[in-house]
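Participant: Sequence:
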Amino acid sequence: MAADSRTIIAPTDAELLQAQADLWRHSLYYLTSMALKCAVELHIPTAIHNLGGAASLPDLVTALSLPQTKLPFLRRLMRLLITSGIFASESGADVETYRLNPLSWLLVEGVEAEDHTYQKYFVLATVSRHYLEAGLSLADWFKKDLPVPTPSPFEELHGAPLVHETTKLLDEELDRIVNEGVAAHDNLAIGTIIRECGDLFKGVRSLTDCGGGDGTTVRGIIKAFPDIKCTVLDLPKVIENAPAHDSVNYVAGDMFHSIPPAQAVLVKLLLHFFNDEDCVKILEQCRKAIPSKEEGGKVIIIEIVVDPSVGPIMYEAQLLMDMLMMVNIRGRQRDENDWRVIFMKAGFSDYKIVKKIGARGVIEVYP
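Its first residue numbered 1, the sequence shown is counted upward by one per residue in the working numbering.
Hints may be right or wrong, so weigh each one.
Derived pair list, reagent style BS3-like, types lysine-lysine, alpha-carbon separation capped at 25 Å [to be verified]: (1) Lys223 <-> Lys355; (2) Lys202 <-> Lys168; (3) Lys345 <-> Lys356; (4) Lys237 <-> Lys293; (5) Lys355 <-> Lys345; (6) Lys168 <-> Lys229.
Derived DEER-like restraints, expressed as beta-carbon distance ranges [unchecked claim]: (7) Arg99 <-> Thr12: 34 to 42 Å; (8) Ser247 <-> Ser349: 29 to 37 Å; (9) Gln20 <-> Gly203: 55 to 63 Å; (10) Gly85 <-> Ala19: 34 to 42 Å; (11) Leu136 <-> Gly52: 35 to 43 Å.
Think of the hints as simulated: they come from the structure by calculation, not from any bench. Every residue gets a Cβ at the ideal spot worked out from N, C-alpha and C, and that includes glycine.
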């Protein structure tokens with residue numbers, strides 16, 4: 001056997017120093033999450049908004065009713081959050097002013113503005129004790145020979161799955177926060193999708209929103225396309241709390257068994273909760289609910305399409321969302337090839353990625 005001609009080249013001093021700094025960053029990223037949680041619980045974004053969109057440090061201390069002794073510590077907190085891109089700042093006349101940016105705008109409470117979806121509970125869920133403990137158990141989970149389908153680290157550790165009717169038995173407050181967080185996550189940018197991909201709904205006479213929750217999405221669709229007859233399918237416990245709407249037909253049911261027929265079925269930010277086999281089962285029911293492609297039948301899927309071409313920051317966000325799925329539930333985020341395999345297994349003939357909006361993709365799937 002020929003000797004391995006490769007040689008290990010030791011890093012330079014400069015590379016090692018940079019590597020050390022990078023190691024600090026990666027090891028301590030959780031402190032950014034904790035700082036964000038602190039800002040949300042103190043209502044800092046809302047306070048800045050109420051102060052006209054900009055606030056000095058003394059203004060914030062007063063508005064938040066904090067002890068004056070905490071002023072230097074608040075400055076250190078805000079410095080990290082600004083460096084992390086969560087707030088903006090500007091300096092002038094020896095006074096630093098803190099401002100909202102698009103990220104912190106998502107954390108302002110009580111704003112009545114189109115497309116503003118308050119994301120507080122998404123933050124609180126993802127940094128909750130149960131989530132963090134599941135993440136800390138990841139190495140132990142990898143070492144265990146678990147049955148298939150494999151329970152998530154969250155389920156294996158806590159004895160109950162997340163985003164499930166039994167989650168409440170584990171912790172009622174966690175269940176509430178998770179449900180609020182999921183709803184906020186799902187409804188963010190729906191108006192943008194409707195505006196950017198309006199052709200999706202042109203010519204559609206009827207639509208079923210599979211797992212459509214309280215009907216927020218279809219109400220937005222009806223506002224833009226009032227002639228579409230919309231149905232929302234979800235579990236009975238969800239439907240019984242949905243607000244009544246003259247143009248929305250609510251149906252309590254199980255998407256694994258049947259889906260109300262329509263020309264188009266919308267499946268929005270749902271399939272990532274499930275493994276591939278369950279996704280195929282859901283999509284098989286979707287295919288049964290729609291007419292042929294020639295008659296305008298299609299399934300509209302809004303999901304993350306993992307793809308490095310979206311850019312390093314967006315791609316990292318997609319991969320982190322995939323890790324969130326792996327640690328806490330049995331689902332996953334998928335790339336285009338993953339989606340193609342599932343569509344073909346479910347009996348569809350073709351698909352088209354209509355547009356990529358942020359980290360998400362809008363996909364038309366044809367029978």
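Participant: Could you tell me which of the hints above the structure violates, numbers in ascending order?
Facilitator: 2, 4, 6, 10
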